[in-house]
Each structure stands twice: as structure tokens, then as C-alpha cells.
Amino acid sequence: MYGQQATASGGAATLAYTGLNSAWWVTAGIGLVFAGLTLIQLVRRPGAMRP
Amino acid sequence: MTAVLMSADLPAGSLVDDARPPADRPTPPRRGTWHQVPGRIRPPGAERVVVLVPAHNEAASIAGTLRCVLDQERVPDLVVVIANNCTDDTAGIAATFPAPVLVLDVTVPRSHGKSRALNLAWQRHCTDADVVVCLDADTALPPNAIGDWVAEFQADPTLAGSSSKFTMLGGDLLTRLQRAEFARWTDTSLRRGWTSVLAGTGCAVRQSALQAVVDGDGRDGPWSYSSQVEDFELTYRIRERGWRCQVSPTVRAYTDSMKTVRALWGQRMKWQVGTVEDLLSFGADRWTLPDWRQQFAGLAAAVCRVGWVALTVVALLLGVLTFHPVWLLLSVLFVANDVRQALRIPHRDRLDVVLAALLLPQEFFAWMRAAWFTAAWAEALVGRFTHRSRDRWAMQYRAEGV
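Note that the protein sequences, when read in sequence, are chains A and B.
For the first sequence, the numbering used here begins at 459 and goes up steadily by one.
For the second sequence, the numbering used here begins at 385 and goes up steadily by one.
In case anyone wonders, no lab produced these hints; they're calculated from the structure.
For each residue, glycine too, the CB sits at the ideal point set by N, CA and C.
It is possible that part of the hints are untrue.
Stretch-level coverage of chain A by chain B, calculated; a stretch enters the list once three of its residues show a Cβ under 8 Å from a Cβ in chain B [to be verified]:
#1 473-485
#2 497-509
Covered by chain A, per the in silico footprint, the following chain B stretches (three or more residues, Cβ under 8 Å) [stated by the list, open to error]:
#3 570-576
#4 683-696
#5 717-724
Just need the whole structure built from these sequences, with the hints factored in.
Right, dumping it as C-alpha cells:
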């Protein structure tokens, strides 16, 4: 019985960890994509015409 | 829309942008295959230019707008002020101006009142025009505007419409943030050589393109009664017929900014809900793909911001928050780009650059942007399923106290 509880508790923790980990990767991934796009803007020559 | 924008408020000596000889002015790049607009424009000097000025309770600013129109190097042939459901003295003030100013004092149904007012004036006064200029009654054009627009249409038969480069004058924080945002939009449009919106605030459209939309879609007039962003819808209808729309390299328009967060929220929700509703209606095609990308990027930015805060809070609560300095590089990158763009803002001063370098003001604006992107998508999707749409024009008027 204790073993079953421990397994359930461990399963929930694993699930929470996986969820957080996925959320972290999604957030970091989007942030990195935006950073890449920003870097491209930064190194690109400014337009010839005034905005 | 409520503040007075008089020609005297404009910065002296800076009204004509890129003041070089016309031949020296840069030509926007051409991409893809554009169709020539049917119906030729008359020889230089003989084009008929009609300016439409829709005005709803704009007594405070209409005089300044009309003075700028009459001060043009190339004076328009007719200026129609459409006083639309006004309860103030807009029509009376406009009537004090001499010909070619003409005042139409109209009462139209409040729903899509601006489109109805524009269509009414277009039916009566624009069918024999070559170029139709749309100008909001709180917006001022520099003296080169109409002459440059006519020259653009003469030079490029594939060009159906040309929008202004918008600049807001003022020193308060919200105005500076909006000025920076509009400068970025203009920069992108000029680089691309096309735009997906001929902003009704100040633009010129070839009459034959407007007529083609009306004939093709069987409408009352060019401006739609089904869209909350009638200028975006009209631009799409013009572009899907294979014509080009651009932001003018030389015509700047000085317009009013939203002075309060509530007014800004009202304006942006109207734009954003209207854009989403229209995109859902248009679907995905070669003309809307860049707008879909922009929507996707806006939503992704919202997810990233909310995710970042939520994860930080959860990690703090669990006691597992660790700091990796490498992530600071991202902030440095974003600030560097903001500063670089701030240096390109027209009529900027040091504070515009300092604000960009401080990160927090731009971050505040980015959070607002994330909020209206998310709220607008939610509202548009719910409206699509319930077949109910809120009158965002009325809500914006209330937010601005008009």
C-alpha cells in the first residue's frame, strides 16, 4: 500500500516536473526565436528612407 | 482625436521630408507582378484631386487640418468635409473656409458611420476624380503631400494607393511610445515596398482602383460596412486585384496620439479585433500571409511574457529559481535594437532614446500589446461563434471622450 502511494505521488511529481519543463522549453524557445529575429534586425543595414 | 493640431504646432522647417529634387527621391522596390491600374491618370497638372475629410465632433482640430490642405504646393481641386453626426461646431468652422472647401453636414446611421459618410461623399464628388485623398480631421499634411502623391501615381501605373508616414508630436510617455511604434511600422513598410493598410488617417488612392472595388463587389462605395477597420479591408480588396499599395517615401502626416491608456486601449482593441475579424473572413492567401505571421508573432510574444512570469513565480515558490547571466544577453539585445530604432524616429529628442535604453517603458508597452492581442483574439473568436460583434467605434469614441 505504501508502495502504491509512493508510486502515485512520484507519478504526480514526474508529471508536474514534465509540465514545468515543457513550459520552460516553450517559453525559452519563443524567447530565443525573438532574440534571433532581433539580432537580424540589429545587424541589418538601416533602410535608406527615413521612417 | 480631441486635441488641437494646428499647422503652427508643427516643427518649423521640418514639414517637407527628404527635401530633395523629385528625380533624386528613392523609388520603392518592386516585387512580384503587379497589374497596371485600368484608367490612366491625366497629364501632369490636369489630374483632379479630391480630398475627403470625415469628421465626427472635431471642432477643436478641423481648422488646422483644413489650413494645411489649403497650404499645399499642389492645391486640391475639391476638399469635402463630411461632418458626420456632429453635435459640436465642426460644420460651422469648416464652412468659414473658402472654395475649394465644401461642407456636407450629414446624419448617417451610427453603425459604421465613417464608412457611410465617406461613401456618401465619394458617390457625390469623386466619380470624376483621378486621385482621392482621405484625411482625418485631426491630421495635418505638410505642403509637399498632395503634389508628391500625384507624382507617385504618375510615375508608377501599378500603384493604387499610397499611405503617409505617421508621426505623433508631443513629449508625454504614451505619445513617445506610439511615435516609436509607428516609426517601426513605417520603416518595415518602406523596406518592403508595400503595405497591407492604406491608413484612412492620411492616404491617397487612385480613383480607378476604388471604382473597380465598387464595381467588382457591388457595394455602395469603396468603404465596407462589415469591417471595423474599413481601411484595412479596402486595401485588401485593392491588393487582391493585383495592384500595389505602399507607404509614401516622402509624404509625412502629423496626427494626434492617444493621450490616456484607456483611449489607447480602445483604439488598439478596435484595430486588433477588426483585423482579426477580417483575417478570419479573408482566410489565408498571398496577400494576408504577412498579416497572419504578424498575428502569430503577437500571440507568441504574449505566451512568452506570461510564461516567463509564471515560471519565475513557480520556481520561486518551489525554491528552485536559479539565475543564469547568459539570459541577460537577450535583454541587452532587445535594448540595443530598441535604441537603434529610436535613433531613426523622426523628430526624436534625447528622451526618446533614453526611454528605449531604459527597457521598462518599452516593456510596459509590450505588455499592453500582449494584452490587447490576447483580448482581441478572444473577442473575435467568441463573436464568430455567437455571431455578435461589439461596436468598437462607439467604444473608442467613449474612451476618447468624443
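Subject >> Hint check against the structure, violated hint numbers in rising order >> reply: Of the numbered hints, all hold.
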